[in-house]
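So the protein lines, in turn, are chains A and B. Everything in the first sequence is counted per our numbering, starting at 66 for the first residue and increasing by one. Everything in the second sequence is counted per our numbering, starting at 66 for the first residue and increasing by one.
Keep in mind that a hint or two might mislead.
Calculated pairs, EDC-like style, for lysine to aspartate or glutamate (alpha carbon to alpha carbon, straight line, at most 16 Å) [claimed, not checked]:
1. B:302 <-> B:268
2. A:373 <-> B:173
3. A:323 <-> A:275
4. B:367 <-> A:186
5. B:373 <-> A:247
6. A:224 <-> A:402
7. A:109 <-> A:189
8. A:162 <-> A:179
9. A:313 <-> A:294
10. B:276 <-> B:261
11. A:224 <-> B:173
12. B:224 <-> A:294
13. A:224 <-> B:268
14. B:373 <-> A:341
15. A:300 <-> A:324
16. A:237 <-> A:250
17. B:237 <-> B:275
18. B:224 <-> A:334
19. A:344 <-> A:301
20. A:166 <-> A:139
21. A:237 <-> A:261
22. A:346 <-> A:294
23. B:224 <-> B:184
24. A:166 <-> A:186
25. B:276 <-> B:317
26. A:373 <-> B:139
27. B:102 <-> B:137
These are computed hints drawn from the structure, not numbers from a lab. None of the values given here were measured: they were computed from a predicted structure.
Number of protein chains: 2
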Amino acid sequence: MKINRKDFLKQSAASSLLLTSPISFFEKTIPKVDSSKRMRFSFKPYTLELKYVFTVSTLSRTTTPVMLTEIEYDGIVGYGEASMPPYLGESHESATKFLSKVDLSKYENPFELETILSDIDSIEKGNPAAKASVDIALHDLIGKLLNQPWYNIYGVNVKNTPFTVFTIGIDKPEVVRKKMLESTDFKIIKIKLGKDNDKEMIDTVCSMTDKPITADPNQGWTDRNYAIDMINYLKEKGALYVEQPLSKDRFDDLAWLKENSPIPILADEGVQRLSDIPKAKNIYSGINIKLMKSTGMREAYKMILLAKSLGMKVMLGCMTETSCAISAASQLSPLVDWADLDGATLIKNDLFEGAKIINGKVTPSNLPGIGIKKLQKS
Amino acid sequence: MKINRKDFLKQSAASSLLLTSPISFFEKTIPKVDSSKRMRFSFKPYTLELKYVFTVSTLSRTTTPVMLTEIEYDGIVGYGEASMPPYLGESHESATKFLSKVDLSKYENPFELETILSDIDSIEKGNPAAKASVDIALHDLIGKLLNQPWYNIYGVNVKNTPFTVFTIGIDKPEVVRKKMLESTDFKIIKIKLGKDNDKEMIDTVCSMTDKPITADPNQGWTDRNYAIDMINYLKEKGALYVEQPLSKDRFDDLAWLKENSPIPILADEGVQRLSDIPKAKNIYSGINIKLMKSTGMREAYKMILLAKSLGMKVMLGCMTETSCAISAASQLSPLVDWADLDGATLIKNDLFEGAKIINGKVTPSNLPGIGIKKLQKS
């Protein structure tokens with residue numbers, strides 16, 4: 066008689082090896098998780114003062130509203146942040162409303178990231194920046210409990226941090242040339258495009274540098290034939306990739322562009338969260354992940370793994386943010402291909418010290434957690 | 066004049082915030098990483114004695130060759146294991162040859178999982194179990210350095226550990242009935258199918274229990290119409306899923322089955338590693354991940370995230386293994402839908418104490434790392 070292994074083995078194994086009581090055979094237990102302790106969550110609105118007026122179309126602003134969060138557990142504090150540029154729909158009001166519903170005191174174990182963040186995500190739709198502010202604080206707390214920066218927990222080497230881009234906005238040649246003088250410490254120049262002077266912009270930048278360039282038309286191109294001509298021209302000039310060339314709703318034209326482009330086409334507006342990636346695979350060669358879109362580090366990490374597994378390129382971007390959210394993103398940056406993480410250099414009233422631009426790379430500090438130190442009382 | 070935010074901001078920001086020297090502004094540095102310390106890797110062959118003869122077709126065996134590994138760093142030892150059932154092609158010889166090429170002394174930082182495991186993967190093709198033995202030991206070491214079990218580092222709750230199945234092999238009804246008497250402590254019954262008595266097997270099991278069942282024909286069905294009839298029958302009888310119904314090469318028929326099946330169809334033989342998943346998505350609803358196929362925990366974790374991101378179901382399986390590799394898998398199990406992790410209950414000479422079957426679930430211990438304790442000198 067042929068005998069199946071598992072079945073016969075189980076006959077004797079099952080009864081003898083089953084335990085009916087909780088595990089208690091080890092003398093050593095996990096430190097730092099004490100069920101009598103609870104996390105305490107708090108948040109307060111803050112307003113970033115921008116170094117220069119931020120102007121798009123008819124709207125000018127000199128500030129960005131952010132929400133600062135803290136999670137305290139056993140005397141250790143994790144810091145988080147939501148950055149909410151007005152055009153994205155979140156505000157001090159919406160974040161206050163959302164974060165008031167967050168109750169972390171019910172969780173026994175701060176390490177339960179999956180459960181906690183999934184619960185928070187299900188409180189209400191939207192609110193990605195508010196959700197990110199909890200995610201970041203929880204990561205900071207956990208990293209501090211583990212006494213390691215997240216790049217070590219992610220298992221990556223800081224040496225693999227990609228260069229961050231220096232961005233040149235749409236302007237007249239003389240202004241572009243002046244701006245280019247400030248770019249010496251950066252290794253890649255990002256050119257904003259999408260108005261009526263694309264070639265002039267490209268030519269002006271390339272007349273002043275041999276560095277690799279990238280382009281971001283911010284959905285500004287409308288004709289796919291014009292777009293592919295411009296992409297080919299950019300390729301000739303040394304461009305590494307192009308962000309969001311057409312409106313995110315132009316699926317067929319984006320698919321056609323991806324098919325015909327000699328360089329990667331990245332989704333920015335076209336991809337917000339993890340669930341957007343599988344369908345984006347057919348129309349983009351890569352994605353620009355931002356913590357304020359992805360609901361934080363947890364989902365951003367999964368987005369990186371998913372996109373890379375699907376053979377897509379990955380870029381990490383940001384909003385105007387303090388060194389809190391920027392440092393959080395910097396922990397993930399050794400996992401990605403390209404970075405645009407200059408948000409903290411654009412504000413006057415940073416509250417944290419953390420990731421710094423070193424040799425053109427936004428490099429995390431060697432502190433545990435997201436790698437920040439609070440500079441002052443906020 | 067419309068002014069672009071980033072450009073103007075960067076004019077002043079760039080020069081003032083750039084650092085040209087390494088980060089040195091924090092008084093506190095990361096503990097436990099000392100560049101003068103190095104990892105030491107060692108391995109030795111071992112032979113698992115099975116509790117009962119394992120018989121398939123004309124081949125009988127009473128042993129499984131394994132390779133036991135250790136990585137020592139700063140006085141802390143991480144344990145790993147390769148389990149190599151002969152029909153999968155690896156052996157003491159092949160693993161010795163492969164592992165002799167592994168040099169961990171060149172890495173400054175044991176936390177550099179991505180770099181280290183990617184280097185090891187590129188030493189040579191194949192050898193997934195040998196690669197897993199390094200991966201598991203490195204995870205055990207890192208978890209011990211972090212002083213946390215991996216379920217905490219993965220951010221999951223042990224409460225979410227799925228039930229492990231009790232397997233009933235193909236046999237006569239009277240033998241099946243006898244085996245079923247041993248299944249009382251398990252919550253799900255897995256029925257091996259694929260010979261000429263499928264319905265009899267199913268009926269015999271279901272006459273003795275109301276528990277959910279699953280089925281594993283091990284590529285044993287050849288006719289897709291027969292397969293869908295049987296799957297529909299299984300669904301009526303309460304089956305949760307079916308593993309590998311047809312040969313892994315029958316892409317079109319598997320796609321047709323997936324399309325027409327009322328329950329998930331999981332790939333086992335059809336999916337080995339991360340790169341197999343995107344194309345598997347069209348022909349399976351889920352995958353059975355085994356550490357000895359995936360090259361260890363790192364890639365298994367990514368496979369889980371990727372499969373779930375693609376909307377696929379995930380199961381964790383095993384070989385006959387000591388509590389070392391089983392405990393490693395148990396750390397990941399709260400992330401998956403289903404588990405078949407009884408490998409350590411099938412051997413006579415386990416060398417470790419670790420994950421235990423508690424209330425039908427293979428539950429990790431509360432020790433740091435992969436959660437094991439060595440029982441004796443090997």
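Review point. Checking against the hints above, which ones are violated?
Key: The structure conflicts with hints 2, 3, 4, 5, 7, 8, 9, 10, 12, 13, 16, 17, 18, 19, 20, 22, 23, 25, 26, although it agrees with all the remaining ones.
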